[in-house]
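S.K.: Line order of the protein sequences matches chains B and C. Once you know that position 168 of the first sequence is 167 in numbering that gives the first Met the number 0, the rest is easy, because the numbers rise by one and skip nothing. Once you know that position 45 of the second sequence is 44 in numbering that gives the first Met the number 0, the rest is easy, because the numbers rise by one and skip nothing.
Note that these hints are calculated values from the structure, not bench results. Certain hints may be false.
Stated by the list, open to error - Output of the computed footprint for chain C on chain B, the stretches with three or more beta carbons under 8 Å from beta carbons of chain C: (1) 4-17; (2) 67-77; (3) 120-132.
Claimed, not checked - Computed list of lysine to aspartate or glutamate pairs in EDC-like fashion (alpha-carbon distance at most 16 Å, straight line): (4) Lys79/C <-> Glu23/B; (5) Lys32/B <-> Glu190/C; (6) Lys32/B <-> Glu175/C; (7) Lys50/B <-> Glu175/C; (8) Lys73/B <-> Asp124/B; (9) Lys193/C <-> Asp43/B; (10) Lys79/C <-> Asp124/B; (11) Lys39/B <-> Glu175/C; (12) Lys15/C <-> Glu26/C; (13) Lys193/C <-> Asp124/B; (14) Lys52/B <-> Glu175/C; (15) Lys79/C <-> Asp20/B; (16) Lys79/C <-> Glu21/B; (17) Lys110/B <-> Asp43/B; (18) Lys52/B <-> Glu26/C.
Claimed, not checked - Example chain B residues on the side facing chain C (calculated, C-beta under 7 Å, incomplete): (19) Asp35; (20) Lys50; (21) Arg80; (22) Ile147.
Here a beta-carbon is modelled for each residue, glycine too, at the ideal position from N, C-alpha and C.
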Amino acid sequence: MLKCPLYNEDMISQYVEGLLDEEESRLFERHLKECDICLKSVLDLENDLFKMKVYDKQLYTGLYLTEAVFLIIKNRLLMIRDIGRDHHFRKMKESYRLKGKTASENSYYLKGDLFDITIGKDKGDKFLIEFRNTNNRIIELFKENRLIEAHTNSNRERLTVKSLEKGDYTVVISDSTLEKRTKKDKIKIRIS
Amino acid sequence: MQVYDMFFNIDDLEIKNSIMKYKEEDEDEVYYSLILEIISPFIYNYPHVVFHASEDICSDFYEYILLRFKTILNSYTISKAKFTTWLTVVLRNRYINFLRENQGLNNTEYNISFEQDLNISDPDGSNYHMVIADKKNYNLDSNEEVNALIDKITSILNEKYRVLFHLYYVDFLRVEDIRFLAIFFNRSINEIVKGIDKIKSLIVDKYEKKESTLVKLAKNYRKILESQESGDRITEKNAKKYQENLLNEYRATKCHPTYESIASFCGFPVGTVSAGIARIKSRIKSFEKELKNI
Numbered sequence: 000m001l002k003c004p005l006y007n008e009d010m011i012s013q014y015v016e017g018l019l020d021e022e023e024s025r026l027f028e029r030h031l032k033e034c035d036i037c038l039k040s041v042l043d044l045e046n047d048l049f050k051m052k053v054y055d056k057q058l059y060t061g062l063y064l065t066e067a068v069f070l071i072i073k074n075r076l077l078m079i080r081d082i083g084r085d086h087h088f089r090k091m092k093e094s095y096r097l098k099g100k101t102a103s104e105n106s107y108y109l110k111g112d113l114f115d116i117t118i119g120k121d122k123g124d125k126f127l128i129e130f131r132n133t134n135n136r137i138i139e140l141f142k143e144n145r146l147i148e149a150h151t152n153s154n155r156e157r158l159t160v161k162s163l164e165k166g167d168y169t170v171v172i173s174d175s176t177l178e179k180r181t182k183k184d185k186i187k188i189r190i191s
Numbered sequence: 000m001q002v003y004d005m006f007f008n009i010d011d012l013e014i015k016n017s018i019m020k021y022k023e024e025d026e027d028e029v030y031y032s033l034i035l036e037i038i039s040p041f042i043y044n045y046p047h048v049v050f051h052a053s054e055d056i057c058s059d060f061y062e063y064i065l066l067r068f069k070t071i072l073n074s075y076t077i078s079k080a081k082f083t084t085w086l087t088v089v090l091r092n093r094y095i096n097f098l099r100e101n102q103g104l105n106n107t108e109y110n111i112s113f114e115q116d117l118n119i120s121d122p123d124g125s126n127y128h129m130v131i132a133d134k135k136n137y138n139l140d141s142n143e144e145v146n147a148l149i150d151k152i153t154s155i156l157n158e159k160y161r162v163l164f165h166l167y168y169v170d171f172l173r174v175e176d177i178r179f180l181a182i183f184f185n186r187s188i189n190e191i192v193k194g195i196d197k198i199k200s201l202i203v204d205k206y207e208k209k210e211s212t213l214v215k216l217a218k219n220y221r222k223i224l225e226s227q228e229s230g231d232r233i234t235e236k237n238a239k240k241y242q243e244n245l246l247n248e249y250r251a252t253k254c255h256p257t258y259e260s261i262a263s264f265c266g267f268p269v270g271t272v273s274a275g276i277a278r279i280k281s282r283i284k285s286f287e288k289e290l291k292n293i
């Protein structure tokens, strides 16, 4: 793509909002008379803003089910932040057998539309993820955008992925009975 | 130009403060999460709203942006312009890069249906331009085809009719058309763009209705496919009937500006505008026939 040496997103934004002072506006206007790239950007921006305004009632809501940040500190797993919309991680209140141990202190539980998930503390500074109700589900676990685990149609009641290192993870669960896998749950987890 | 005060309930002051603190406190994670929390729906929905991208594409694009969001934030300098305005410019450029990097991606959820199976244009073919306009929305690659057609049509119109053509088919405006209008009216580009924005703002309800019908068509089309797959003939029949109604509704909703708004922009009497547009339509019809006969 051709580039304009004077192309500047901020200048274009200020021009469209009418915030440039008289001299800046005159100079930019003169530039627009000659530069297709910048003028196209102005037109595109005007169009995009118009559409964003008009169509904001018909938005997709399939954003991540939740985005949670956990911290492993002094042998404990702590949730620092959960910016989910409808679903949130909850600290396990009752004793819960996770990986053969009572794990109420060190685990958080989330009930999604397609699955239930528990994040728990594993050995050392590692952690584990346990999935429940995984029948007819495709489960994909990504670390920093790289697929590290994938399970299809697991018939087990529970599926545990252990010894996970700290990092940014994305869990994607989809319904394998739907051909297009349009129904998905997505969870983004960061463990620091 | 109309400046929209608030998109997606995003408070410009709040997000700018968060960005400032995020930068001041050496890329603080708490502020980063807060910024993401505020801006995520905007990023996620951008491809859907602007390019009619499917939910899967929106999801992939959102992840694509997330991986680059710190770089994007670091390139932002707090200024008078709204953060969402600046981000919109950035998102468009990033979206084009994203499509280039993922060539072969099925960009829209609609093209599987409308491009191949459904004829969403007027059944009598009288509104040639709406067909092209819709294709333009659904397929980024058809711009050259659209441009060539507009060039052909404007070449048979005199300057005054060309002005009316551009304002009536306002969604087709290209950079050369803006410059032409600026020269014709001896106005600045800013005045032309502002005027066009005003014209479009007066028909927001039509855009909303058309978009809403399109979303219903896409959902219904999926229902038809699913009922065909499961062999549910009754649901399929009902959905096809509903599809016909929706198509008629879609075709009947024209996103053309009012004659009054064009007259006000041009400083022409309304009668001159309506007569001029009628003449343009008639010229285009005979031009279409000529093209078909070649």
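S.K.: Determine for every hint whether it applies to the structure shown.
M.R.: Going through the hints against the structure:
1. 4-17: Three-residue rule met by the region 4-17 of chain B, so holds; n is 9.
2. 67-77: Violated - the region 67-77 of chain B has 1 residues with a Cβ nearer than 8 Å to chain C, which falls short of three.
3. 120-132: violated (count 0)
4. Lys79/C <-> Glu23/B: holds (14 Å)
5. Lys32/B <-> Glu190/C: holds (13 Å)
6. Lys32/B <-> Glu175/C: holds (10 Å)
7. Lys50/B <-> Glu175/C: violated (22 Å)
8. Lys73/B <-> Asp124/B: holds (9 Å)
9. Lys193/C <-> Asp43/B: It holds: about 13 Å lies between the C-alpha atoms, which stays within 16 Å.
10. Lys79/C <-> Asp124/B: violated (45 Å)
11. Lys39/B <-> Glu175/C: holds (9 Å)
12. Lys15/C <-> Glu26/C: holds (14 Å)
13. Lys193/C <-> Asp124/B: violated (58 Å)
14. Lys52/B <-> Glu175/C: violated (26 Å)
15. Lys79/C <-> Asp20/B: Given pair Lys79/C, Asp20/B holds - Cα atoms ~11 Å apart, limit 16 Å.
16. Lys79/C <-> Glu21/B: holds (15 Å)
17. Lys110/B <-> Asp43/B: violated (42 Å)
18. Lys52/B <-> Glu26/C: violated (31 Å)
19. Asp35: Holds, because the Cβ-Cβ distance from Asp35/B to chain C comes to roughly 5 Å (cut-off 7 Å).
20. Lys50: Holds: closest Cβ of chain C sits about 5 Å from Lys50/B, inside 7 Å.
21. Arg80: holds (5 Å)
22. Ile147: Result: violated, 15 Å to nearest chain C Cβ.
This entry does not satisfy hints 2, 3, 7, 10, 13, 14, 17, 18, 22, going by the numbered hints stated previously.
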